[in-house]
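So the chains spell out like this:
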Amino acid sequence: MKALLGSFRPGSKNSELSPLQFFGKHGISVAFVLCVVIFSLATDRFLSADNFFTVVMQASIIGTIALGVTFVVIGGNLDLSVGSLLSFATVLVVDLHDKVGPGTAIILMFVFTLLIGAVNGYLIGYLRLNSLIVTLGMLSAIQGITLVYSGGKNVDISDQENTWFAFFGREEFLGIPIPALIFIVLGIALQIVLLKSGFGRKIFAIGGNGTAALFSGLRRNRLVFSTYLLSAFTTGCAALILGSRVMGSQNNVGEGYELLVLAGVILGGTSLLGGSGSIIRTVIGVLILAMIQNGLLLLGYPYYTQWLVTWVVIIVAVWLDIAAKRGKLLSTY
Amino acid sequence: MTSQVETAANESVNLQPAQETLLKLQNVSKTFPGVKALDGVDLDVRAGEVHALLGENGAGKSTLMKILAGIYQPDGGEVILEGQRVQMTSPIEARDHGVLLIHQELSLVPDMTVAENVFLGNMPRFANMFVNNRHLNDRCGEILTRLNCKFEPTERLGNLSIANQQMVEIARALVFQPKVVVFDEPTASLTDYEKVVLFGVIRELRESGTGIVYISHRMDEIFELSDRISVLRDGTYQGTFETAQTNEDEVTQRMIGRDLDADIQHQPPELGPTALAVQGLAIEGLYSDISFDVRAGEVVGFYGLVGAGRTEVMETIFGLRKADAGSVQVQGEDLPISSPSDAIDQGLGLVPESRKEQGLVLGMSCKDNTTLANISKFTKYGWIDTAAERTIFEEYMEKLRIKCPGWEYETLNLSGGNQQKVVIGKWLSTSPKILILDEPTRGIDVGSKSEIHHLIRELAKTGLAVIVVSSEMPEVLTVSDRIVAMYDGRITQCFDRSEVTEDSLIRAITGQNT
Amino acid sequence: MNRIVDLIKKQPIWIFVLVCIVFFSVSSPYFFDLNNFSNILVQASTIGLIALGMTFVMINGNIDLSVGATVALAASLAVGLQSELGIIGAVAVGLMSGIMIGALNGIIAWKTGVDAFIVTLGAMIGVRGLVFIYTDEQSFYAYDLAYSDFGASEIFSIPVLALIFILLTIVAHLILKYTIHGRNVFAVGGNRVAAKEAGIRVGPHMLINFILVGFLAALSGILLSTQMGASTPNLGRNYELWTITAVVLGGTRLTGGFGSIIGTLGGVLAIAILRNGMNLLQVPSFYVLIILGSILIIVLFIDKRFAEQQGQGVGA
Amino acid sequence: ETFRIGITQNNVGVDSYQTTYEQAFEEAAEAADNVDAVVLDAGGDVARQISQVRDLIQQQVDVIIIWPTDGQAVVPAVKRAKDAGIPVVVTNSNIAEAGQPLIASFSGPNNIQQGAYAAEMMCDQLGGKGDIVQITGQPGYTTAIERQKGFEDRLPEVCPDVTILDSQPGDWNREKAQRTMEGFLTRYDNIDGVYAADDNMGVGALNAAKSEDRADEIIFIGATNFAVGYEAMERGEYHGSVYQSPAEDARNALNIAIAVAKGEEVEKMSYFDTPKITRENMDEFEKPVF
Ligand SMILES: Nc1ncnc2c1ncn2[C@@H]1O[C@H](COP(=O)(O)OP(=O)(O)OP(=O)(O)O)[C@@H](O)[C@H]1O
Ligand SMILES: Nc1ncnc2c1ncn2[C@@H]1O[C@H](COP(=O)(O)OP(=O)(O)OP(=O)(O)O)[C@@H](O)[C@H]1O
Ligand SMILES: [Mg+2]
Ligand SMILES: [Mg+2]
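Protein chains in written order, with the numbering used here: chain A, 833 to 1165; chain B, -9 to 504; chain C, 9 to 324; chain D, 80 to 369.
No lab work stands behind these hints, which were simulated from the structure alone.
Any given hint could be a false lead.
Pairs of lysine-lysine residues, derived as DSS-like cross-links and limited to a Cα-Cα distance of at most 30 Å, are as follows [stated by the list, open to error]:
1) Lys312/B - Lys26/B
2) Lys346/B - Lys423/B
3) Lys1160/A - Lys26/B
4) Lys346/B - Lys312/C
5) Lys346/B - Lys119/C
6) Lys1028/A - Lys140/B
7) Lys1160/A - Lys119/C
8) Lys346/B - Lys367/B
9) Lys26/B - Lys1157/A
10) Lys289/D - Lys355/D
11) Lys312/B - Lys185/C
12) Lys228/D - Lys931/A
13) Lys366/D - Lys289/D
14) Lys1160/A - Lys393/B
15) Lys1028/A - Lys370/B
16) Lys14/B - Lys393/B
17) Lys140/B - Lys185/C
18) Lys931/A - Lys289/D
19) Lys1028/A - Lys367/B
20) Lys18/C - Lys26/B
Output of the computed footprint for chain C on chain D, the stretches with three or more beta carbons under 8 Å from beta carbons of chain C [to be verified]:
21) 114 to 128
22) 154 to 167
23) 271 to 277
All C-beta atoms, glycine included, are put in the ideal place defined by N, C-alpha and C.
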């Protein structure tokens, strides 16, 4: 576990750490603990198992998407289409649920979601178009497709009581809500993949220096492609949770999620330039955002104060992170 | 031998300075995380001299000069310019003090014009706010004329050849009336003609009383150009020599702490079957009708001027470019190579021209870079065997004498030469049948260079087919069994080692024999 | 003539604009009409003004995601404070707020070294929070009708808003092309390390650009609020995305170092004409989303083909 | 004679109500053989809606129907239309005071009244006493503001002993409302009632309460009765809502627009009926189609 948390950048060296370096390395964990402590002191409702699972569960949708997006970002790209894709996948799985049954609905949902991921992947991986703009275009296009599919109407599961589809969003295992479980288990699995598998290593390489990776015989196109499949897959998983939790969906249910997902990934210290990052840190990043939201609400602040706090937290966290790598607080240009 | 060197060193120290000392670096130290790059280094430069700075890769030459130019801050020691202690806290301040550094790596903006690059950060202006375009281009034109450059100030920089870009980099220093100019390996990508022009400019600067620091790994240049030579080894100062009173062996000995390995003895190679056969390869606009073959156990040198198209040919063979015509046969089989991974599967390896852009993932560790090209060999059911990776890296670290604090060290902070060695190690670890090296010793010190040359010969002996692309004649002459000369996208002539002369080679690469 | 050919080669977006104009003129009787063109200009001016500033920021190698929130903040202040400060005072405060947000972004990016994308992503979330705190989720209404009259006013039967946009486009073009600042913006975006080592002060240039885009976003928000005589806290949502889209369509490179105001103008007009034309043709709104998204990707694709034809090495 | 009637809608596709409205409008326009409809959607963006009004003026339609994205911000656009000689009918959600003299007519539900109805139902169901929470619509949108105002003004009049513990927005979004409700449930040990500004959000709140096993102790009151709300009411989990038919909303608007185009006198405020619906009287209503 220590190894998993530690090596967020392959090749970084372990030696004595100055306070700044320590913070850069473990800052996100420090921030996490800080959040917990502050909110626990401020309200006695915060630190309870029940509320903890509420936080994890609320984080689970954004968090699950963020897992896949972390791979995309480490590979040197961005994915802004996940919000729309989440809407699409949720509308699809919920709508199909009553028409073809939950099992087939889930399969079809993954097929079509991955198909859209493949379009992203093809445009960015094989045609080498800029990911920011492509996924921006896809954000709009997928939204349109979703609306055309549903005719602009909300979709609902009619029999909410007697479907095993409720499993993904509403049930518990050993007292842990399934959404939280999906998020955490998928997170751990993907962290292992990232750090220990050849695939993970290659993603670091293409993000670190795509040309050198190409010259080393890595199939860069295919690897970029696969990161988008992965982000589509985790978005599909999030759609399962969301659809099952709500037992219905609106066409704009994922609106704005892309930026929250990105905020979580960035908070986790993944570099937008690619080549470095960590899944576990993304998980912590997303949890911090969820905690801020939950904690401030418990304290009775209006919901928009969380935006201000998020602003400060993102900048300070990323600042300290890079200040540690730089060795001093202020940059020199 | 050693005593002789010491006497020379002592002599040099005792010499009365013929001219006044312009610049003095005293007891300069610099530590990077994990590396002591400079340890109490002294250096003095006189007005109107060319002072060569010599040292192995990673000895600290560039670091020392970057401290001088205000890019790095030293941990200790001082800079004394014309008797005054100065602190160079930024490149601008250094420039204001009249100290200019011409970078080892190009530091230009490709999308701007030549003139804009020359006057970068220093544009002629009017009304204090607007760019004076006419003035800009006129003055740039004057400087380019002085450098004998044949391109226009309004040309987009990115359209120039690397050599011409290097000339632009040099032109930038001439905008000012510099007191000290540092040239950090300026000739690495220059042709002989441009080199002559450059040397003329350097001599001109010397006449005008400028102090010049000249860093290069090419001994011939150093002895041709310099007045004195200072040597660094492992971040420590090793003494200063009058060029006229020393010789190559002596400074080399100082530099690497031992004698250079004996010259390569060429025995007629034991040739195996044809490993690589190229027939009629062509890409429109780049090169045409390229046919040659390489046999196992043979080293074929590709010689030509920068821009002759050698790199493009090699990249095509390696699957990085799509040929318009022609075929590539590997070991008699006509399997298509449409990507580098196909090429690797068939036993090819390519040490690319640009280590930073094409060779290394700089943010990854030495170990990870070493295994990048055949990561699949180190994975089992998709999982990486880190221990095996370390073993292989440490093996090559030793074999190639890579100066690297540890397997986890990021390649970003290695010196250029050591980076190159990591790239070579990466390809050797794939155990290729055919290895292509594009400018394998560009920017590499003489010691390592001869090691790499030996290594190439050794590899050939074990039955590897090797292609060496190089722009240095001594290099191709040293390592090759056969030499292919290219000019303007065509093969002009193939020489056997025994029959080649410098003269015929030069004629072949300048297209004079056709 | 050669210059025009040259321009088209460099600015393929203008071909697209021409194609759109021809297409919509043929297919809708209402399109080719002087009134409609001034409509398009007014509609383009909102995103267009921001895009002018964004062009500087993006050529400089940065990006600003907080402009949409700045639009809302400036508009809310400029309308909300009118009862206390009068129109002029309130507008001044609104413009100031944009400058402040820009300066804040610039200083944070400069001094901390945090990537502008992250700095402004944070600001995008946070400034919207500020807007909600200030407005308490309410829309504001300008009681003085002079305010909304300004938004509807015309000079020589050209809407004032369109005139302001055209004027500022020219000014921005001149600054980018002919001033030292403009030239250095290219240098910094093209190769930041080289620029820095050549003595260009990277930080101040970045700061100026962020202030510029902040100011223009605020101005855009205020002009928008004169069209409405009101402001809403949700104003400007997604504007950052459309602005970036317009700038990129105009040929400015996302990684910096290359781009032009003329191109940006083309990108802005392309989007405005598409939207206007599709409204006139009554394209169902769901399909508008798909069409806009697809066109963005297709133009990007064509642009890339253009760039590749101009000769590139290994497909790196 | 055919009339060209242009409509710019608020945000079609954001929920079923608006979509059903659009369909009903198009069908009604189709059925009326003297109408040529131009149907546009502002996608929730005020600026785009203003552009669309300009585009409609450009096309010289006979009447413009506008479903304001923001009650105040569209006033100058309406003025522009009026100046161009095109009468404007406002639908569904009214525009601000200043715009009233400019419009030919308003047609739609009375959102303030709806909020008041919700307050009355809440009061009834709670028996006059209790602590409740409120989930509002998207901040800044007129419908959300008016329903909240109607509810908050009426509640103390009928039930001074019911306190509103907290109000947070649910953005007309079921999932968001569900999350908001989860927060409320953690924060307050005792919640007797929830008022959600539409049933879509109300059902989200119900979901949250059910997963905490606290649904039984809570009264759920919504507005704009959705199919899911109707079903939940059938199951006995949901207590009251306001019945509002988008088809009627659309037809009403179109009819008034036609009347305006013909130059007939129309009523300035044409509210259509939005009755309370509770478990007791729900048999009288058809299940909503959205
Ligand atoms: N920014 C840096 N961070 C960490 N270590 C560095 C950095 N720059 C240089 N070093 C280390 O300092 C030592 C000296 O490097 P330097 O670049 O000065 O060598 P050099 O003599 O110029 O070599 P070459 O001939 O290969 O250019 C090397 O060991 C290198 O790894
Ligand atoms: N005449 C030229 N005009 C513009 N760019 C050139 C020209 N010649 C060479 N270049 C650039 O310089 C690079 C090196 O040239 P190229 O690979 O064609 O030759 P080469 O024979 O491999 O030379 P070398 O490897 O010694 O640089 C090329 O990638 C090309 O972009
Ligand atoms: Mg060096
Ligand atoms: Mg080459």
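A quick look at each hint next to the structure:
1. Lys312/B - Lys26/B: Violated - the C-alpha atoms of lysine 26/B and lysine 312/B are around 46 Å apart, more than 30 Å.
2. Lys346/B - Lys423/B: holds (25 Å)
3. Lys1160/A - Lys26/B: Holds, at about 19 Å.
4. Lys346/B - Lys312/C: Holds, because 25 Å separates the two Cα atoms, which is no more than 30 Å.
5. Lys346/B - Lys119/C: holds (28 Å)
6. Lys1028/A - Lys140/B: violated (54 Å)
7. Lys1160/A - Lys119/C: Roughly 11 Å between the alpha carbons, so the hint for lysine 1160/A and lysine 119/C holds.
8. Lys346/B - Lys367/B: holds (24 Å)
9. Lys26/B - Lys1157/A: holds (19 Å)
10. Lys289/D - Lys355/D: It holds: about 24 Å lies between the C-alpha atoms, which stays within 30 Å.
11. Lys312/B - Lys185/C: Violated, because 39 Å separates the two Cα atoms, which is more than 30 Å.
12. Lys228/D - Lys931/A: Roughly 41 Å between the alpha carbons, so the hint for lysine 228/D and lysine 931/A is violated.
13. Lys366/D - Lys289/D: holds (23 Å)
14. Lys1160/A - Lys393/B: holds (27 Å)
15. Lys1028/A - Lys370/B: Holds - the C-alpha atoms of lysine 370/B and lysine 1028/A are around 11 Å apart, at most 30 Å.
16. Lys14/B - Lys393/B: holds (29 Å)
17. Lys140/B - Lys185/C: holds (27 Å)
18. Lys931/A - Lys289/D: holds (26 Å)
19. Lys1028/A - Lys367/B: holds (14 Å)
20. Lys18/C - Lys26/B: violated (50 Å)
21. 114 to 128: Satisfied; 10 residues make the cut.
22. 154 to 167: holds (count 5)
23. 271 to 277: Answer violated; 0 residues pass the 8 Å Cβ test.
Hint check: violations occur at hints 1, 6, 11, 12, 20 and 23; the rest are consistent with the structure.
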